[in-house]
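K.L.:
Listed here are the chains, written in short residue letters.
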Amino acid sequence: MNFPTQDFAALAPVGILSGGALILLLSEVFLASTRRGYQASLTVLFSILAAVAAAGGGSPGVIFNGQATVDAFSTFVTVIVCAGLALSALVGAGWLRARQAERGEFYALALFGASGMALLGSATDLLFAFISIEVMSISTYALAAYIRRGKKPAEAAFKYFILGSFSSALLLYGTALVYGAAGSTLFAEIGRAQGPLLVVGLGLVAVGLSFKVAAVPFHVWTPDVYEGAPTPVTAFMAAGVKTAAFAVLTRLALVAFQATPASAANSFAWVLAALALVSMLFGNWLALTQRSVKRMLAYSSIAHAGYLLVGVVAAAAAGAREAALSSILFYLASYTATVVGAFAVVAVLERRGRSLDEEPADAWDLERFAGLGRKRPGLAFAMAVFMVSLAGVPPTAGFIGKLLVFQAAISAHAYGLAVVGMLTSALGAYYYLRVVVYMYMRPAEDREIGLISPAIQVALALAVVAVIVLGVGPETVSKLARAAAAIGM
Amino acid sequence: MDNPTVAQSGLWLLILLPLAGALVNGLVGRKLGKANVALIAIGAMVAAFLSALVVYVQVLAGRNVASGGSENWFHVLGPDGRAMVSIAWGLWVDRLSGTLLLVVTGVGLLIHVYSTSYMSHEDDAGYARFFTYLNLFVAAMLTLVLGDSLVLTFVGWEGVGLCSYLLIGFWYTDEQKAFCGRKAFVTNRIGDFGFLIGVFTILSIFGTANYGQLAAAVKGHGVDTLLTAGAFAGWTLGRALTLATLGLFVGCCGKSAQLPLYVWLPDAMAGPTPVSALIHAATMVTAGVYLVARTSFLFALAPATMATVCLVGALTAVFAAAIAFFQNDIKKVLAYSTVSQLGFMFIGVGAGVYFAGVMHLVTHAFFKACLFLGAGSVMHGMHEDTDIRNMGGLKDKMPHTRMTFLIATMAITGIVPLSGFFSKDAILAGALNSENAAFPAVGKIAYVLGTIAAAGTAFYMMRCYFLTFSGKPRTKVAEHAHESSPAMTGVLWILAVLSVVALLLGLPRFEIFGRWGEVFGDYMHPVFAQALGILHGEGGEAAEHVALWPFAVAWGVALASGALAWAMYVGNLREVPGKLARAFPGFYRFGVDKFRVDELYDLFVVKFVKNGAWVLWKVVDRIVIEGIFVNGIPRVLAGLGRFFRLGQNGDLQRYAAVIAVAAAVVLWVVLGTGAR
Amino acid sequence: MTPLQVYFPLALVVIVSAILAFLLVGLTNLLGPRRPSAVKSGVFECGSDPVGDAHGGFGVKFYVVALLFIVFDIEAVFIYPWAVLLKELGWVGFADMALFAFTLVIGLIYVWKKGALDWE
Amino acid sequence: MVPSSYYLALAAILFSIGLFGVVSKRNILIVFMCIELMLNAANLTFLAFARQSGNMAGHAIAFFVIAVAAAEAAVGLAIVIAIYRTRGTLHMDEVRVLRD
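Chains as they are written, first to last, in my numbering: chain A, 1 to 489; chain B, 1001 to 1676; chain C, 2001 to 2120; chain D, 3001 to 3100.
Bear in mind the hints are in silico, worked out from the structure with no lab data behind them.
All C-beta atoms, glycine included, are put in the ideal place defined by N, C-alpha and C.
Heads up, a few of these hints could be off.
[To be verified] Ranges between beta-carbon positions, derived for each pair:
hint	chain 1	residue 1	chain 2	residue 2	range
1	D	3059	A	416	44 to 52 Å
2	A	443	B	1027	14 to 22 Å
3	A	65	B	1225	49 to 57 Å
4	D	3088	A	351	22 to 30 Å
5	B	1213	A	416	26 to 34 Å
6	A	443	B	1225	53 to 61 Å
7	A	476	D	3024	47 to 55 Å
8	A	358	B	1657	27 to 35 Å
Given only the sequences and the hints, what does the whole structure look like? Please build it.
P.N.:
What follows is the structure, given as structure tokens:
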């Protein structure tokens, strides 16, 4: 029996991320210093290292006897997750310092979470996926409760924890049933099994994953948790958790679609299509009525899960599979850049109480954005870019992503979903542009300009550049996405 | 100057110059002071106009200028489901887009100059904001015009919509104006949805959205060609293209304010007047006409769509003219007139006389911009009062404004030697002679409706002119009105001269005009050759009945109708209202001098026009669009949203129950269908 | 022997003890005299009225220690099968477990330095 | 020998009890315990199937699940303590600040 050196080497990005987390934990207790500025930089450094290791590590393929597959797909996901982590860490630095809460644990937890996400991107085994999900989720539960003042963070973490472990339990029970039906939890083996036990098991697993991607009706936790969690954490959740969960959902969906009985595959496609439909409708719809921008973004992330699910459904058709997969990956990349940027602006403008313990009721109200175009043209411009991208207006990243997804759906003959997607994104533009209207067309309520730090400025600049570059010159990234889509399942 | 590479690099410069102006003014404009802001904005426009001229020299020399085209923007899946096809960042100037290029940069430049004076009452920040949006708009409009694919045109399409939205709501303090912006937003989103459907359909049929490639793809194919690959396999080309072009036309209806999506345009008048002139008269609203002309070879393969375009245009022309009869706000009159004139353009492109539609687009840009800017000048003089009943006698106070307004009014009315006559009548004569494979009668119907609309146009425009400038001042404000600054009147004169000179474009093909006969049509012919070939058979041209009588009818109608207006508001008939008032004591109470005219007007209009048009307007605008789309749907959505928000009541266990029930449903579905 | 036979004595004990428990409590309830009075129904705490809630909070320290115990204790489930099979797994297994233990030790160091193990 | 379907049925019952408890019990700690019950029901299912098929993977999976459940319990308890600190009670009705 040889030491599986190569298998471990293939997971070098995960090693870098979790090693970085350990280093940050130790440095937090040993370097008892009041200056903690290095922690965010260190986190960014580790995420860059991990991304480089992932991109440079090649594609060794199947590792650990099939439990994971390190390929172009997982590399793409890892890089997105690392980008989301780095941006969120930069946002977190300024945000936490202003609340006197900057500690190494924050970054360590984020790094642990990111390592779970990176693992999830390469998971081809249900148990492996379950453990990766738990690594990711437990870190994000703790991150959500990171701010100990006030009622909201604890409540958000609590809801996230209870509902998250509830869905994990469903997923695990489903895994157990699949294990019973197939005698194994490897994706490759699952495809060969059949019978009602397998169908029920896969159904429960699908429910668990739908929870993680926040698809209606498994979205109920999203608005509350996104609102209550510290804003940088929300950004990280919206970007990273969604990306990782979609990665594994996509891989699993391909397995389920290829499951032997065609009727079962059909019914899974139906379920996913229904989830996509209601997610697009309800996500956009409920976002319409929100006055809190943070909560609006939470609903919008549900809607975007719907658009991504359209891509997953399109992947069911053999002809459009590659286009659909690459569109999902591109969409995830563009959504990560956009949503982290949008939450960064929310973090800047968040209303703070007079004392650290106070929680103002309307901390993220639309009024906070009134007159921003005059007060801070740069910040307003950045937010306008993010909103326009989320609305899917060209020439931004969001437009290309939507166009690719809908085109894949049409190629897969999912006309209904494509049309509903276009209609709901037309509807969605209303609430995104309402933010723009407030920024440019409403007089400011006060002269306060919010909290802005160099780190957040860097994060915003990077996000804006990414959104515009992905919109104007997406070819580099989408070529990578197409290469990654050719996963040999 | 005739080095093509210079022109090519100039193409991107054309878009980037106004964009750079917008960026500078947007980010630091409020600190620069008004003079510098104006300098930057106008400098960008001058440079863009000069680049446009450089490019146009190439086009005149018979060369089309393309830039990019090989630089990939992104790839989409081709119709066969395997190969990826590329959408490129490419710009393309031929005679059609070149002409629009000149209009956009030229008229845009003039309106920028005008605005420096018109907007001078704004504070520094507002001034910078205004020019930022204006420059941004020009950049987006140029993208729309120059883009060499439907996707790139869509980029500009969305951009101009966004700028229009921002500029309508420019004076944001007013709740009513915010609402108007919303109306524009909703109708434009409906239009965008249609546009996207069209783009996706075309992508699925041909696997490309590039105009040149599309033209090559349909070359040699007829309506009955069977599609073999892609999402529309098994359909005939004509059927698939009918779907695609109808989608595109819904987009055109939204952007170009056609029935039933026209409602936003009159409300868009809430924005500053130069904006109305640039965006809502000269450029953006004509984008739909441009799009139909640009993709003429696709529309030509879908006769049903052509008929729809033609009919919708004709109905809009009549309908909007009828509404304009009972408007008293000078800008509203002009707005409905714009809707009506856009209808004429659609008759042109729908009936297959593409060059006439485009020509009317150009001449309309000149005279309608002139009219709007004249209205702005009047509003300045009248202290922002826009009600023509309060004006009168301004001809002595504002001589320049009056003269230019009169010239432009005569142009739009169709008085003979001016440009509007030739472009409008080229459309109507062309429609009369056109043949539509799907609905043969459509050309004749459009001709009749168009002639009625032309008569209406002559009347309400003359009414507007006479009420504003003739007679005696009817209010104190009107007595003290003053002429505007040279920056404004100078621009007015340039536009007035242009709207006369543009007649050279439209001379009909009569012996006496020699080689100037239909010069614009000949010039545009290469652009539309393919579409005309499809419509009239390969190599064959439309039968050239250059009969004199349609022109004579049109001239007569315009003159008669204008004369009636003159008679009612200036001439002998003026006494009629007074006599009526004495005859019917009920009116006597209103027998004050300034109201006489309107009483007759009401008497006249209420009986014949208002009731019908008003009911229609009420139904379409207030109930269908405003009631259902603008207010109704959002209200229903918000109401239902509130209902569903009850579920989001913060109780964790309710959430868990929702998840559990949903999981049970999912299991039921997969078991019910999957396990068997 | 079938499993049933092996576990029969155990089952017997369980059944007997269960019967006994119910019997004793039930008989007391049935047979015992019952004469409630105000004094008897009143709370009794060394002759004085009770102060505060019986559900008093524990110090948060208890929870922290309990949490740490759970986490470190559970890791033993991995060590036990590993220890049984150590010979077969060889150096590969040793290296794996070393990595695992190393991570745990870093966690322990962190907890220690953080002061979570100090009772005071 | 007890048929493994008995174990499976027991696991299903335990899982359902846990699920029901999560949805209906108003005390946070009990909800918390119900979730642990669900996880252990899944564990039991794994073991039953492993025994049924003689496949050892199920046993290994159970170990992993136990470890994960412990980590989850640790974080969960910490969060419950945070709730108690901000609310002073462990009743569900107090955890409803975040809502539409």
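K.L.:
Work down the list of hints and note, for each, if the structure agrees.
P.N.:
Results for each hint:
At roughly 46 Å, the beta-carbon separation of residue 3059 of chain D and residue 416 of chain A lies within the given 44 to 52 Å, and the hint holds. With their beta carbons about 20 Å apart, residue 443 of chain A and residue 1027 of chain B fall inside the hinted range of 14 to 22 Å. For the hinted restraint 49 to 57 Å between residue 65 of chain A and residue 1225 of chain B, the CB-CB distance of approximately 55 Å keeps it satisfied. For the pair residue 3088 of chain D and residue 351 of chain A, the supplied restraint of 22 to 30 Å holds, since their beta-carbon distance comes to about 26 Å.
Checked against the hint of 26 to 34 Å, the pair residue 1213 of chain B and residue 416 of chain A passes, with Cβ atoms roughly 29 Å apart. Restraint check, residue 443 of chain A to residue 1225 of chain B: a C-beta distance of roughly 59 Å satisfies the suggested window 53 to 61 Å. The hinted range of 47 to 55 Å is satisfied by residue 476 of chain A and residue 3024 of chain D, whose Cβ atoms lie roughly 53 Å apart. The hint said 27 to 35 Å for the Cβ distance between residue 358 of chain A and residue 1657 of chain B, and at roughly 34 Å that hint holds.
Going through the hint list in order, the structure satisfies each hint without exception.
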